[in-house]
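Asker: Listed below, chain by chain, are the residues.
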Amino acid sequence: DTAVSQTPKYLVTQMGNDKSIKCEQNLGHDTMYWYKQDSKKFLKIMFSYNNKELIINETVPNRFSPKSPDKAHLNLHINSLELGDSAVYFCASSAQGAGSSPLHFGNGTRLTVT
Amino acid sequence: KQEVTQIPAALSVPEGENLVLNCSFTDSAIYNLQWFRQDPGKGLTSLLLIQSSQREQTSGRLNASLDKSSGRSTLYIAASQPGDSATYLCAVPGGNEKLTFGTGTRLTIIP
Numbered sequence: 462d463t464a465v466s467q468t469p470k471y472l473v474t475q476m477g478n479d480k481s482i483k484c485e486q487n488l489g490h491d492t493m494y495w496y497k498q499d500s501k502k503f504l505k506i507m508f509s510y511n512n513k514e515l516i517i518n519e520t521v522p523n524r525f526s527p528k529s530p531d532k533a534h535l536n537l538h539i540n541s542l543e544l545g546d547s548a549v550y551f552c553a554s555s556a557q558g559a560g561s562s563p564l565h566f567g568n569g570t571r572l573t574v575t
Numbered sequence: 167k168q169e170v171t172q173i174p175a176a177l178s179v180p181e182g183e184n185l186v187l188n189c190s191f192t193d194s195a196i197y198n199l200q201w202f203r204q205d206p207g208k209g210l211t212s213l214l215l216i217q218s219s220q221r222e223q224t225s226g227r228l229n230a231s232l233d234k235s236s237g238r239s240t241l242y243i244a245a246s247q248p249g250d251s252a253t254y255l256c257a258v259p260g261g262n263e264k265l266t267f268g269t270g271t272r273l274t275i276i277p
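For the protein sequence lines, the chains are A and B, in the order given. Note that the first sequence covers residues 462 to 575 in my numbering. Note that the second sequence covers residues 167 to 277 in my numbering.
It should be emphasised that the hints constitute simulated quantities derived from the structure, not laboratory data. Cβ coordinates follow ideal geometry from the N, Cα and C atoms, glycine included. Careful: at least some of the hints might be erroneous.
What the hints assert, rightly or not - Covered, in the sense of this in silico footprint (three residues per stretch, anywhere, with C-beta under 8 Å from a C-beta of chain A), are these stretches of chain B: (1) 197–204; (2) 210–218; (3) 237–246.
Stated by the list, open to error - Now the in silico label distances, taken between C-beta atoms and shown as ranges: (4) LYS513/A - TYR197/B: 35 to 41 Å; (5) PHE503/A - SER236/B: 21 to 27 Å; (6) SER236/B - GLY477/A: 45 to 51 Å; (7) PRO530/A - SER225/B: 32 to 38 Å.
If we strip away everything but chain A, and leave its shape as in the complex, we get (with noise of 0.2 Å):
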């Protein structure tokens, strides 16, 4: 039983393109997030929600947009794909704020925009 499940685990495409990750959940969490990891493995935030609500959107370009349709799911469309948005994509949950209690992650997207 996968805790917190994405798919695909691995996308590549062209730039230019739409493409969607979906992350879901089965631990009964409330809070969900999208991190993503760069080529030097540096781990940063790009959302969170809870309960379906958007709490944090840090300074990541219009182009990223999170959709999540319960609270158990949380997926990220992302437009007019970049070079640059190449990385490992995470989704993760917890049962209350990243400060409260531990993460649970998923096994990751790996994004290659060629």
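Let chain A serve as the given structure and place chain B on it in line with the hints.
Answerer: What follows is chain B alone, placed relative to chain A:
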């Protein structure tokens, strides 16, 4: 702005040895600190969450300590095993509960 540093960036030790990983942070006004491990091609696995009111937290062979006043945390691994090889990251929450991650220490246990 919170900055989290982990030194060294990489560490290799023979199997069976005890070892310590270090994490330092610039803003001591934190209310907890988390340690994670990341295996290649995988997500992060939460190891320990230590509250600011605690000085230590233990799970099996792992022991995390926290000294807020000095802005430091350590992760002690006893009797290391090859399966402990991974990248270890620490993270602290900031404003709006955003986690700031360290750059990680890549640990290799030599059989």
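Asker: Kindly indicate which numbered hints from before are broken by the structure, ordering the numbers from low to high.
Answerer: 3 and 4
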